[in-house]
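Input sequences plus hints: build the corresponding full structure.
Quick mapping for you: the protein sequence lines, in order, are chains H and V. Take the first sequence: its letters are residues 1 to 413, numbered as in our numbering. Take the second sequence: its letters are residues 1001 to 1255, numbered as in our numbering.
To be clear, the hints were calculated from the coordinates, so they are not data collected in a lab. Please read all numbers here as calculations on a predicted model, not as lab measurements. Heads up, a few of these hints could be off.
[To be verified] Taking lysine-lysine and the DSS-like style, the derived pairs with C-alpha atoms no more than 25 Å apart in a straight line are:
| id | chain 1 | residue 1 | chain 2 | residue 2 |
| --- | --- | --- | --- | --- |
| 1 | H | LYS155 | V | LYS1041 |
| 2 | V | LYS1251 | V | LYS1149 |
| 3 | V | LYS1041 | H | LYS388 |
| 4 | V | LYS1041 | H | LYS271 |
| 5 | H | LYS291 | V | LYS1149 |
| 6 | H | LYS95 | H | LYS168 |
| 7 | V | LYS1219 | H | LYS225 |
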Amino acid sequence: MVKSLTCYFVLLLLCIGNLDAKQIHVGKNQAIKTIKAALVASGPRDTIMIHSGMYHEGNIEITQPLTIIGIDLPIIDGDRKFEVISIKSDSVTIKGLRVQHSGYATLDDPGGIKIYNGSHILIEENELFDNFFGIYILFGKKCHIKNNRIVAFGKTEDRIGNGIHAWKSDSLIIEGNDISGCRDGIYFEFVTHSLVWRNISYSNLRYGLHFMFSNNDSYITNIFKNNGAGVAVMFTKGVKMFNNTFIENWGDAAYGLLLKEISDSYIFNNKFIRNTSGIYMEGTNRITVEKNVFESNGWAMRIQASCMDNDVKLNNFIGNTFDIGTNGTLVLNNFDGNFWDKYEGYDLTRDGFGDVPYHPLSLFSVIVEQNPPAMLLYRSTMVSLLDKSEKVLPSLTPENFIDNKPRMRALPL
Amino acid sequence: MNKIVKFILLDILKNKIVVLYTLLLAVFSWSAFGMEDNSTKGILTLLNLILLTVPLIAILFSTIYIYNSSEFIELLLSQPIKRKKIWSSMFVGLITSFILAFTIGAGIPLLIYAPTNVGLMMFAIGIIISAVFVSLAFLSSILTRDKAKGIGIAVLLWMYFALLFDALVLFLTFQFGDYPIEKMMVGITATSPIDLARIMVLLHLDVSAMMGYTGAIFKDFFGTPLGLSIAFALLVLWIAIPYWISLRLFKTRDL
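Pasting the structure below:
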């Protein structure tokens, strides 16, 4: 009896301890007028409620676990001089703020919200407007960046930072953010075991998504549209990309998805629509590209000869100018079981697969690879004739570059 | 002038070849669009028609027609009618019949199945290409009095523009592949009406691929309103200049 009473008592004390966390209101009509004063008055695990208004307070540094919630989107302005909010503690929540006009400095990379060495940080439903870097995560762990809107107005790549920038972090969740006008929409370097989910990244100067040395991350249901150079992923293994959409990344050096030195990864159920190159692969090994849709791209896939053991299967290739482009004659990849709308074979066995193999590599795509200006002659009668004869008797294109089981009908994707 | 044009139009109609040509175009285009579920493939079939068949029929039929009308022309010349009037009436008559043939045969299915930018562009280009090759027929038939020679010139002209020119350009791009020839290529294409027409469709049809480095140069030129107007102006010149030369020759010719 005594024991259980003690138990209750301890529990009660714990509750009181929690109740002790107070709520501090900041605003024009509140007792505390500035955020900095509120930070001084607060203790660990307190909640600071910021009422709407304009706050010019230079750099706001959070050094203890706090919850900061904005009411009716208060504006925190960095006056283009300061890093606006610096988080130097674990377990911080920042919600519902509009953070704008951070400073510009190439040495310390000031961000709208920057996390230094923290874990369990939630940054939710904020609006980051015209900052150098939007949200910058340095040595973060288990941080959750959710439903933020990040807008910047970069003109040149060196004058603007990334929307969400993560460096040497682990177990991040980047979810439901809307990013535009930055250098890279989302940038990962040395970030592992993280999830990028339901983000929209568009009209960024360089890449919609860019990561390097970031192993075992997943990218699911994102939209990357109309970015300067599409999406680039480099020097990474264990990448999983599901259900993403890559649209309208136009330009000679723009790719729906650029894979450079990637291995052991899985690209599944994505859509590549109207890109100059849907997927560009270089030094890429042991990747499965499965059940994707390539539609109306200039080149659906460009696979350099440095790639091997990749498995491209069960994809739909529809209305692309060229299905495949490559720079060599070596073929170490598998292309079986795709649907190609340019396939002209027949299916006498009625098993749904064409009876003659399909050569996805057209002669003209080889010619253009060697000699880009020849593109001007595309669809001319001469070139069509050359292409047709090459299909019948491959001489310039590698003859083992084939789909042995081309589908007669598109997969329902 | 109206009377002569009317007479020529009726004569061509009686001839039935142009009617047959219209029917053929219609069969090809309706089936091209009807068989494929996406209109792009139909447009490609039609593009091949425009680049090969339309110029061939236009130039061949017109050349032969002009040669066969020599007696009719002589008859008209004995009347108090200006030579310019006779020649231009012939020109208007032939061009009108070919434009009508293309509009009815290919234009209608095109506008029904692909009422997009590409479709409209194809329509315009089909008409212009018809006119260009009728104009070239006037040139080839006035160059020589020998009918066989004249038809030979017409066929060679068609072969040159439809087939040889592209092969030549391809050869050139390989020979000068190491040099920055992109801008020169734009200039070279202006010397073939079929290529000009093809590139204008290409820029709409394969826009993603054309956004690559070289493509972008062409796109920057032909894709802008100014470039588009220049390209169309060039095509109109391709109609006007051969006809103008033929007219000058006809005026001074001792028939």
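Exercise. So which of the earlier hints does this model not fit?
Worked result: Hint check: 1 and 5 fail, others pass.
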